[in-house]
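Peer 1: Chains as they are written, first to last, in the working numbering: chain A, 1 to 285; chain B, 1 to 512; chain C, 1 to 87.
Derived by calculation from the structure, the hints in this document are not laboratory data.
There could be a bad hint or two in this list.
[What the hints assert, rightly or not] Capping the alpha-carbon separation at 27 Å, the derived lysine-lysine pairs in DSSO-like fashion look like this: (1) A:K199 / B:K139; (2) B:K479 / A:K199; (3) B:K293 / B:K485; (4) C:K5 / B:K418; (5) B:K479 / A:K80; (6) B:K479 / B:K139; (7) A:K235 / B:K266.
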Amino acid sequence: MLFMPGNNPSMLQDAAILGADSIILDLEDAVSLTEKDSARILVREALKTIDFSQVELVVRVNPMDTEFGPLDVDMIARVKPDTLLIPKANEEQIKIVDTMLDKIEAEEGYLAGSIKIIALIETALGLENVYNVIQASNRIVGVLLGGEDLTSDLGIERTKEGEEIFYARNKVATACRALKVDSIDTPFTDTNDFEGLAKDTAKAKSLGLTGKSAINPRQIEIIHSVFSPTEAELKHALKVLEVMQQAEKEGKGVCSLEGKMIDAPVINRARNTVALGRSLGLLER
Amino acid sequence: MATILGRELPDTVDGYGEVTPFKGACREGGVKTRKAVKLTSVNPHEQKVLDNLEQVFDKLNLKDGMTISFHHHLRNGDYVLNMVVDGLAKRGLKDLTVAASSIFPIHEPLVTHIENGVVTGLVANYISGPVAEAISKGKLKKPAIMQTHGGRARAIESGDLQIDVAFIAAPTADNYGNINGVYGDAACGTLGYAMADAEYADKTVAITDHLVPFPACPIQISQVFVDYVVQVESIGDAKGIVSGTTKITKDPVALIIAKRAAEVIKASGLVKDGMSFQTGAGGTSLAVAAELKDIMQREGVVGSFAAGGVTGYLVEMLEEGLFKTLFDVQCFDLKAISSFRNNSTHQAMSASMYGNPHTKGAVVNCLDIMILGATEIDTEFNVNVTTSSSGMIMGGSGGHSDTAAGAKLSIVVTNLMKARLPIIKDKVTTITTPGESIDVVVTERGIAVNPRRTDLIEKLRQANVPLLTIEELKIIAEKITGVPKTVQTLEKIVAVVEYRDGSVIDVVRQVY
Amino acid sequence: MRITKVAKAGTLESNDILIMVMSSKSDRVELELESIVLQQFGDVIERVILHKVQEMGVEGITIKAQDKGALDYTIGARVETAIKRAI
Chain A
1 MLFMPGNNPS MLQDAAILGA DSIILDLEDA VSLTEKDSAR ILVREALKTI
51 DFSQVELVVR VNPMDTEFGP LDVDMIARVK PDTLLIPKAN EEQIKIVDTM
101 LDKIEAEEGY LAGSIKIIAL IETALGLENV YNVIQASNRI VGVLLGGEDL
151 TSDLGIERTK EGEEIFYARN KVATACRALK VDSIDTPFTD TNDFEGLAKD
201 TAKAKSLGLT GKSAINPRQI EIIHSVFSPT EAELKHALKV LEVMQQAEKE
251 GKGVCSLEGK MIDAPVINRA RNTVALGRSL GLLER
Chain B
1 MATILGRELP DTVDGYGEVT PFKGACREGG VKTRKAVKLT SVNPHEQKVL
51 DNLEQVFDKL NLKDGMTISF HHHLRNGDYV LNMVVDGLAK RGLKDLTVAA
101 SSIFPIHEPL VTHIENGVVT GLVANYISGP VAEAISKGKL KKPAIMQTHG
151 GRARAIESGD LQIDVAFIAA PTADNYGNIN GVYGDAACGT LGYAMADAEY
201 ADKTVAITDH LVPFPACPIQ ISQVFVDYVV QVESIGDAKG IVSGTTKITK
251 DPVALIIAKR AAEVIKASGL VKDGMSFQTG AGGTSLAVAA ELKDIMQREG
301 VVGSFAAGGV TGYLVEMLEE GLFKTLFDVQ CFDLKAISSF RNNSTHQAMS
351 ASMYGNPHTK GAVVNCLDIM ILGATEIDTE FNVNVTTSSS GMIMGGSGGH
401 SDTAAGAKLS IVVTNLMKAR LPIIKDKVTT ITTPGESIDV VVTERGIAVN
451 PRRTDLIEKL RQANVPLLTI EELKIIAEKI TGVPKTVQTL EKIVAVVEYR
501 DGSVIDVVRQ VY
Chain C
1 MRITKVAKAG TLESNDILIM VMSSKSDRVE LELESIVLQQ FGDVIERVIL
51 HKVQEMGVEG ITIKAQDKGA LDYTIGARVE TAIKRAI
């Protein structure tokens, strides 16, 4: 998921072709207080005009407890972004947004529930309560972990190695997995350190996060390559599913591949790998 | 009459002469003649060194209407052209034709001389800055003649471009006229664009700020071609000659274009041992070189040569063993200069050896892959690098037409739109390079292959490289920007665009 | 509707347009347009600006626009923002 400032016309134009799976048009941190109105209107017009069909179009609105947040939601929801990213997310904020969207979708004649929400978990309270935050709305399709603001809230230092957000990553990954939504890791802020980015992304993946956010288009390739299964992994996963399907056809209860029994966890992992491979375009649909 | 590309050209142009229309790339070959050069022999014990430029002017038989020439290896740090033309203007000379291989913003004083009738003609391969603007606004009495790097060498060698005096800015010269470009405060590396001038001009003057004891070493231009030598305080500003090291772009869109270009190169099947490659000095061009480097390293390919305009990046590729040698017609940065000085596999080539179509074979004929830029491209793949879309002169072919004609695979890499202007149009404002020489256009939103190249289309399809037609690319651009209105120009012809073979491929008219 | 303040929106960055609006004594809409693509898109830019002004029902306004190659949707957005700031 690539963050882009919402008030920058020359970047908006190219956003959809930079190779990211999702684009986050940012009305919050990337826009100064005096330009919030300008950015909001620009993003609204951009959504009406630019073809974003190749990507998931996400708009990060301002927090609901500021004067800007509700105005953002009201104006932007009406031009049907795919998803809204709600900063400083907690149960209450999510519920407020959910209700607003219900109303707007009804007024505009959009399919109810079509606009999704990603909760940006970046406060201690939000983190502790992440399970309930996700459950606060049916629209929630994922959680994005905001490491910078979270460590700031905790009064601790944010480092490249990321030990300090180990718990946060773990908790978010687990809660999201339990409720079957995506979990997106916090961005790696050194845009010139590609080795560090790869390490950081690998760490997130190893903890079960399903994606990573980027703050510069040059980070996209590395993030994709870390998350993408290798050819060998894909081949193996496809084989597992093939063997499983064959066993089902023959009415067998269990099956094995290369001497190892294929049980539910193995099948599950294989399914995930194949799904990831498909979404990264590594497999024919 | 109309050329085969459909451009209407007059039969003659005032101040230029009869127009030979462009008939196609590589059509006008066959038996050619190099002109015979008249020279004044130098006997033993005669001196060539003069004390100052005024003495040089005294010795030369200066007349109104002469053609004087300059090379552009000192680029935007050149002092020599201004120095000489200022000096000639003070002597009351008029009606001069300046044949400079390229003109840069530093040559602004030329505008005043143009306005005063001191200079009434200009022949160049690339014109930028205030002089370009002045010409576009109709201030030059005769139409400027815009050639290619190879075409200029052809014109000089054949006698089409008759040079009375060649003023050669010499970073190093000895008292008998041997010149090199690798030592001195104004070192510039190779002197590819000065060679033909030195050999074929009636008189050749070496102007140096670094006079060394005889003999200079190395010798890039030989004493046998030089009539006089004069030392001045400075021939150029080192900061304007080179720009440190040219760097690869960080612009994400340019990087995407580079990646796509690399896909095309890979799928073409030309990446193999013995391959050859050339690219420009811009950020995107270098990014393509970086991608190619990756591919070559991964597949263990060793190329035969890389050519150009050489930058530090190409030097690195040479030093890392990716190419056996470099052919260098001009050095763009300090790294290239020092590599040429020290590394014997970094070889010089004259503009004639580089791109003259009327020799026994130019280097461009041996080139596999060429990466090019464009201001505009039309649906016939004709490319404009001479004028902006408002009709203002802002460049010129340089080596564009030469390399495009010679290369097995010529790829234009460009953004699809630049500041709301679509790069692809129905008709380009000025045709610099004909579409038959352009094989592929790579933009961030799609790749188009020239329909003539059915072999390439097949290879790319097999490699699953997504292709669009050039018309489709144009429509994509216009959907985003809207359809631009064609810019009107006045009738008066301010420049004649000559193709490599001396035929006229297009004209430039005065802007409002 | 008339505006009461002077306001501006947008920037001089590439692909953006700087719009400044102020109240004019007449009832008309006056536009001063500078653009790097004036010859190619001047007509279109003018139309987009005037259309947005009309759409918002504003009268008696002077607009100064400095365009750096903004696309139509950007022009419309900046005009709307400037006017809303000037009310």
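Peer 1: Work down the list of hints and note, for each, if the structure agrees.
Peer 2: Evaluation of the provided hints:
Distance check on the hinted pair: A:K199 and B:K139 sit about 62 Å apart at the alpha-carbon level, beyond 27 Å; violated. For the given pair, B:K479 sits about 41 Å from A:K199 by alpha-carbon distance, which is inconsistent with the 27 Å threshold. For the proposed pair B:K293 and B:K485, the alpha carbon gap of about 41 Å is over 27 Å, so the pair is violated. Restraint check: the Cα-Cα separation between C:K5 and B:K418 comes to about 35 Å, which exceeds 27 Å; the hinted pair is violated.
For the given pair, B:K479 sits about 21 Å from A:K80 by alpha-carbon distance, which is consistent with the 27 Å threshold. Straight-line distance between C-alpha atoms of B:K479 and B:K139 comes to about 38 Å, which puts the hinted pair past the 27 Å bound. Proposed proximity of A:K235 and B:K266 is supported: the alpha carbons are some 25 Å apart, at most 27 Å.
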